[in-house]
Each structure stands twice: as structure tokens, then as C-alpha cells.
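Q: Chains as they are written, first to last, in the working numbering: chain A, 65 to 485; chain B, 65 to 485.
Simulated from the structure, these hints should not be mistaken for laboratory data. These figures come from a predicted structure and were not determined experimentally. A few of these clues could be false.
Because identical chains cannot be distinguished in the list, a pair is counted as satisfied if it fits within a single copy or across any two copies.
To be verified - Here are the simulated lysine to any residue pairs, SDA-like style, with alpha carbons at most 25 Å apart:
no., residue 1, residue 2
1, 100, 277
2, 224, 115
3, 320, 449
4, 326, 231
5, 326, 128
6, 326, 166
7, 482, 317
8, 482, 464
9, 482, 386
10, 320, 166
11, 482, 150
12, 320, 269
2 protein chains.
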Amino acid sequence: MNAENADFVNFQGRFQRSKMTDLNLMRELAIEGQTKILLLVLDGLGGLPQTPAGLTELEAARTPNLDALAARSICGMSTAVAPGVTPGSGPGHLALFGYDPLRHEIGRGVLEALGIGFDLQPSDVAARGNFCTLDPQTGLIADRRANRIPTEVGARLCAKLRQIRLSGVEAFVEPVKEYRFVLVLRGEYLYDGLTETDPQQVGKPPLPVKPLRPEATHTAALLNQWLADARRLLADEYPANGCNLRGIDKDPGLPKLSEIYKLRCGAIATYPMYRGVAQLAGMEILPTGETIEDEVETLKQHWADYDFFFFHVKKTDSRGEDGDFEGKVAVIEHLDAVLPDILALEPDVVIITGDHSTPAVWSAHSWHELPVLLASSYVRPDSVMQFGERPCMAGGLGHIYHTDLLPLAMGYAGRLAKFGA
Amino acid sequence: MNAENADFVNFQGRFQRSKMTDLNLMRELAIEGQTKILLLVLDGLGGLPQTPAGLTELEAARTPNLDALAARSICGMSTAVAPGVTPGSGPGHLALFGYDPLRHEIGRGVLEALGIGFDLQPSDVAARGNFCTLDPQTGLIADRRANRIPTEVGARLCAKLRQIRLSGVEAFVEPVKEYRFVLVLRGEYLYDGLTETDPQQVGKPPLPVKPLRPEATHTAALLNQWLADARRLLADEYPANGCNLRGIDKDPGLPKLSEIYKLRCGAIATYPMYRGVAQLAGMEILPTGETIEDEVETLKQHWADYDFFFFHVKKTDSRGEDGDFEGKVAVIEHLDAVLPDILALEPDVVIITGDHSTPAVWSAHSWHELPVLLASSYVRPDSVMQFGERPCMAGGLGHIYHTDLLPLAMGYAGRLAKFGA
Chain A
65 MNAENADFVN FQGRFQRSKM TDLNLMRELA IEGQTKILLL VLDGLGGLPQ
115 TPAGLTELEA ARTPNLDALA ARSICGMSTA VAPGVTPGSG PGHLALFGYD
165 PLRHEIGRGV LEALGIGFDL QPSDVAARGN FCTLDPQTGL IADRRANRIP
215 TEVGARLCAK LRQIRLSGVE AFVEPVKEYR FVLVLRGEYL YDGLTETDPQ
265 QVGKPPLPVK PLRPEATHTA ALLNQWLADA RRLLADEYPA NGCNLRGIDK
315 DPGLPKLSEI YKLRCGAIAT YPMYRGVAQL AGMEILPTGE TIEDEVETLK
365 QHWADYDFFF FHVKKTDSRG EDGDFEGKVA VIEHLDAVLP DILALEPDVV
415 IITGDHSTPA VWSAHSWHEL PVLLASSYVR PDSVMQFGER PCMAGGLGHI
465 YHTDLLPLAM GYAGRLAKFG A
Chain B
65 MNAENADFVN FQGRFQRSKM TDLNLMRELA IEGQTKILLL VLDGLGGLPQ
115 TPAGLTELEA ARTPNLDALA ARSICGMSTA VAPGVTPGSG PGHLALFGYD
165 PLRHEIGRGV LEALGIGFDL QPSDVAARGN FCTLDPQTGL IADRRANRIP
215 TEVGARLCAK LRQIRLSGVE AFVEPVKEYR FVLVLRGEYL YDGLTETDPQ
265 QVGKPPLPVK PLRPEATHTA ALLNQWLADA RRLLADEYPA NGCNLRGIDK
315 DPGLPKLSEI YKLRCGAIAT YPMYRGVAQL AGMEILPTGE TIEDEVETLK
365 QHWADYDFFF FHVKKTDSRG EDGDFEGKVA VIEHLDAVLP DILALEPDVV
415 IITGDHSTPA VWSAHSWHEL PVLLASSYVR PDSVMQFGER PCMAGGLGHI
465 YHTDLLPLAM GYAGRLAKFG A
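Using the sequences and the hints given, assemble the complete structure.
A: So this is what it looks like as C-alpha cells:
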């Protein structure tokens, strides 16, 4: 865009802002600075008591360092997406990164590709694949998950499917786990806007891929050709004698955090999917190890290089999904133990929260609000003396949304110009 | 409008309300009444503690009258514009007056003209002018503020620039302070949608004014001719041998409060800018003196004549900007001392808050929420016994937005009809 057009867009923006996302307001106000912001995400942090009178995982954990930080912070409760809505990992993180997750979605195919560390290009079309069992007589779906074949079998079948050749595009087939795989098409003229093939019911045939807009017609034809070849190659395999494609999508082309907020953003995460989402948001991925200590070491090494750090702790969510209350408590206590090393770097603004709740008693993501803590020299400390769900309900931030967090961090970091004269 | 059209508009409105401003809802529901609303704005009221364990300015101030009022009020915290966003005086007041400040903006040129009490007409185009130093050899900007020339020099140069004649329009040049002045063009066919001339960097030439829409082409040409004449007249002045124009804009043409809310609105403010913003919103300006006592006297004199009073106290903000914690405390205590005289008038609804925070430790406007108090015979008093930031965090209003305040006041004043059957 040349400067003249930029002027024109800004002028339009001024009068049309109400129709646009708040990202435009942030883009307009963001200024460069020397301050540093740390967003510490304990995946699935929010919990529930095991008995009505009991404590949540976070409340039960012995967290002297989080509590001391909460005491000098402003705290509150935050909704990741919308009241009552349980976020997937994609929307939960998009919201933490300041994107309205109801406007910006990452397709399941893209998330699955990011989750295995696939180097997805902006023009690639990615689909989540499911091996399934087709009735040999009727061709109707008999088992949508092919009796959950072992991961090794899935890997062998993926190798077989790599034989498929499509005119003008490359087709990558990568195993994920059990019956799940990823298909990525790479080439020119590939578009998203495509239906899924899984009818989501047994006793029905797999559906063809249909284009939802004219540009996607060619991509649909390529995928249908790939599916026909795949079914031929799988015909003598049992129970995985068929497959379906779901969530066929491209990189959503998010406006980059670096550009919106004028921040150099570094991401530290042990799992590929979170690195992938951070990358879509325009962060640089900092190589790290497997443990929280490795992540802290990475943070220290790169402290001088970035203005904003996304620091992701995965295992709170894993233990929650396992229904392992004590295990989740232990991960929180583990993070608490390394917190002094993190705070010794003297970030100007620290936000600690989760992308969604994963209460051990629920053994899955949930819709519950997240406790959140914001520390800075310029907060009005509230009455919260302990980092936990019940204390944070009385916090000075009140009840906010995840999408408020990055703008708040920018304000506290002195990185937003005054709005209007 | 005849009755049939009115029906049609209401019918449309019902389905389009989500796309429209809430002002239409207010316009639809507002009814006349005998009740009186007082909006008492302590400019820059919100503060911060000087040490983490300390008190804010408002908390430190000895305010027996505000505290007694808070005890029979419902209190809360209010965001002026958006989380993390620091409001200028224009947006802060627009929000207090019920206008979404992200949809309605007042240009810097207009605010500057209002700030010196210039009698701006709706069709005028106003610009903030800055004298600057141009390198005599290269013509590039050497100092964007002309070494902050004394106000008297600025005034002499403005007198010189009044010689400039433009075809078909009048050009008013008024000094503001030091290197700042206001240029107002008055005539027909003047449009806003114009770029600034200040490149915001030294070592670059002043830019021409460019139209951002076709209608503004003629106005841009007039301003460029004025600038060419101005540079000729200033050529032998040093260091103020050039000038720039910024924030070139017109009266935003706000829908008037009197019309939306069916209120006769009076404004009492000691500073021209706040009188100007109130005037843009459709209030009548009540002449007053320099002190808070003068303002109270004005309020008493006009008590019978209006339904809604905007009462503005400036110096809380001034002392905050100065970094003068004790000075700001003293202004708050001063207001507290006259509060009984104000309450003796028996307003039906009193709202006390600020347009934005100006913590003395930050010495500037800030993004922090504002404590707010709403008193009426019909509130459910909450547990807040002291008017201060931390007490208000636990208030019964919770966390609201400034744009909620006028609708709340209207409700408590019994001036909104029931919505729907």
C-alpha cells in the first residue's frame, strides 16, 4: 500500500471504526517503547473444587510466589470467548493474543498441521484426515474412527497414501495419532471454502468435497481426486479401508501482533500447536526444551531481544484432561517454584492466566472464567492476597474478556498513545 | 415527519438497532419530567498510590461529605473509552455525555479553537497551527516547535499572518500559547478530510495539505495558498520562520443532548475547552467565574432553569499533570467542602466521577478506570462507605463504561419510558 492509500484508509477508518475490530484502534495508538510484557499462560488453568466446599486446583496448590505477586497485582476473572462457551485451544489463544475469536478462526486442519509441527505455508490448504471403516458391500461408513487403529498402522497407511499424485500440486500426508492424519496440498490456485466429507454418522456414505465459493472449485476437484485414489489404495486394508477429510482450511492470515502493537514478540512453548498459533499471530518461535526449566532458560537467553513474551505451560491442561487433580496441583506448584527466576528479569507488565479452564473433575476444557493477575508498578493493588478463582472474583479488574488483556498490558506498559486530544 | 413515516422509522429501528448507536434507543425512550440530574466531573480524578501500599489522591483526601454521599450511593468503576486506552479530554467528555467516543471524535483543531474560546461555527474549518524553524538553506524542518518562542512573539506573528487574504473565505489566526496558534477558515464549500503538514520529524520538509476525499480539494488548495503566504511573511523571522497545520477539522455535528434526552442542559466550567465541548453536545453555557465557589453560585442561580447540569472542576487534572499529589488532594478536599451547598439544591440524581485518570505519579492522563458514585432516592446502596478507587472496586455498579452513565442517570431520574410492552 502506498502512503496516499494509507492516508485514505486511515481517514475511512476514523469514520468506520465501529464496523471494524478494535485491532484498528490498537494499530492507531500503539507506540514503540523500551518496556517488556510477559504473558504467562498456564494452559487449562481454571479449575473446580472436588467437593462443593473444597478448593480448586489453583487454590489447593501451595503457591507462595504467585500469592505474593497477586498481592501486588490487580486481579480479576476473564472470559475467554463468551459466557458459557468452552474454547478450543485455538480460540483460547487467539483471544489471549487480542484477536476476537468469534471473528478470527483457525480451521481444524490448520491447527492439526500446526500441532504436529508441520511447516505450513500461507498458501497451503490443510485438512484433518480420519481413517474410517467402510462396509465392504455397501460402501457406507461402519466406524468413523476405524476401530482406533494403532498409531503405527496409521503411519504405514500415510506412507501408502503418499503415492498419490495430483496435477500441479504437492500432497503431504502426515500421521498424527491412531486414526488421525493431516493432508496438506501445496501449489497455486488453492482456495479454502470447502465442505467436509464426514457425514458424522455411521450408515451413511462419505460425502464429496464441495466448494462453498467459485474460486474453490478447482481445489475441491483435486481433493475429490485425492480421495478417490486414497479409497482405491485403502480398499484392501481393514478396518481402515476408507478415510474422511474435515476442517479443510488455510492459514487465516491474521494481522500480525508485531505490526498491530509495534512489539517484537517471542513465543516459548513446548508443544508444536502453541508454537504454531503463536507463529500465525506473527511471533517468533524461540527454540526450547521439554521442561518448564528449559522454558525459563530460553526466556533468560532471549530477554534482551523481544518486547513481548508468550510463555506457555502445557501440563496444567494435560493433567486436567486426565482428571488428575493432584497432578494439576503439582504442575501449578512447579510453575510457582520457578516464578522468582522469571520475575528476576523485571518485566514491566506480567499477566498470568490460562487460555481456558480444564477442571480435573470435568476432565475436559470448560466454559468457566479464568483467574487473571496483572502486575505492574502502575496498578492500584486490590484486596486479593492469593491467586485463586474465589479470591480473583473480588479482584479490582472485575470480570473482563481475554481480548481486553493485551490492550490492558499495552496501557500499563506505556505503549499506547493518548486517544484524541 | 408525519405519523406514517415515524412508524416506518421506528419499525426499521427495531431491526437495525444493533447497527445504530444507543443514542437512538435513548431518543426513543426519553420522556420529559421535573427531575434534575447533576453530573459532577472532577477532571482527571482517578489516581494511583505513591507507594504500592499507599493511598490514591482521592483515598488520601479528607472527604467527609463525599464519603457520606458514597455511603448512600451505588458506586463502581468506569472505563472512559476502552480497556488500556488513555482518553484525551475530548473523548473522555464525549463518553460522559453518552456519545461513543470511538464513533464520535472531535478534531484537534476544533478542540484547540474551543480551548481559546473561539466562537466556532458549524461550517468553519479549524486547524491547530505550530510555528516551526526551517533551515534557511534547505527549507527542511530544524525545530518543530520553533524553540518554544514566548507567547508574546507567537501573538505578534499571528497578527502578521492576519494580513493573508484568501478568495471567498475569511481566515482567523489566533494565538494559543508559545509556538501554538489556531487557524480557522470561514466561508462556503469548506470540507474536512485533510492531511496534516507536520511530518513529525526534523530534517524533512513541511508537507502540503492533501484532500482525503474529493469534496475537500478546494479547501486543501485554500490552505496550501495560506501556507505559501504564511511562509513568505515569516521568512525573515527566526526561529519561527515557518509553520505547520495539524488536526484540520470541522465541528463534528453531534446530535444534541437536548434533543436526544429531552433535557434542558446547562454547563458550568471555568475553562473554555470544556465549555466548548459542552456546547458541541448541545448544552447552554452558563457564564461563571474562576473558582469552584463561583461555579456553585452559578449552579444555584440557574437551578430552576435546567434539568441537567454538567459541573466541571478542572484543577484535579492540572495538579495531576504537574505530578503534585498533595495539590490534587487539596482540590478534591476543596470540592468536598462545597459539596453540602450543591446537595442542598436537592438534585434527584447526582453522578460524581472524572473524564479520565490523571495520577500524580504518572503526571499525565492515564488509562485507569474512574471511581464513580451515583446518588438517588432509588439506588440500592452498596457496601461502599468511602469514595475512593479501592472501595469503588467493590461497589454495586461493578465495572461499567462512561457511556452507561447518562442512560443510568436518565433511568434513576424517571425519564426513560418502558422499553417494549
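Q: Does each hint hold? Answer for all of them.
A: Quick rundown of the hints versus the structure:
Taking the closest pair of Cα atoms, residue 100 and residue 277 never come within 25 Å of each other, the shortest separation being 44 Å inside a single copy and 40 Å across copies. With identical chains, the CA atoms of residue 224 and residue 115 are never at most 25 Å apart, being 51 Å at best within one copy and 67 Å at best between copies. With identical chains, the CA atoms of residue 320 and residue 449 are never at most 25 Å apart, being 36 Å at best within one copy and 46 Å at best between copies. Proximity of residue 326 to residue 231 under the C-alpha cut-off of 25 Å is found in neither arrangement, the shortest distances being 42 Å within a copy and 44 Å between copies.
Taking identical chains as interchangeable, the C-alpha atoms of residue 326 and residue 128 are never at most 25 Å apart, the minima being 34 Å within one chain and 46 Å between chains. In this assembly of identical chains, residue 326 and residue 166 lie within 25 Å of each other by CA distance both inside one copy and across copies; the values are 24 Å within and 21 Å between. Within a single copy, residue 482 and residue 317 get their C-alpha atoms only as close as 29 Å, which misses the 25 Å cut-off; across copies the closest is 23 Å, which meets it. Taking identical chains as interchangeable, the C-alpha atoms of residue 482 and residue 464 lie at most 25 Å apart whether they share a chain (22 Å) or sit on different chains (21 Å).
Taking the shortest Cα distances, residue 482 and residue 386 sit within 25 Å of each other only across copies (17 Å), while inside one copy they are farther apart (47 Å). In this assembly of identical chains, residue 320 and residue 166 lie within 25 Å of each other by CA distance both inside one copy and across copies; the values are 17 Å within and 23 Å between. Within a single copy, residue 482 and residue 150 get their C-alpha atoms only as close as 35 Å, which misses the 25 Å cut-off; across copies the closest is 5 Å, which meets it. For the identical chains of this complex, residue 320 and residue 269 are neighbours neither inside a copy (41 Å) nor across copies (32 Å), given an alpha-carbon limit of 25 Å.
In summary, the structure is inconsistent with hints 1, 2, 3, 4, 5 and 12 from the numbered list given earlier, while agreeing with the others.
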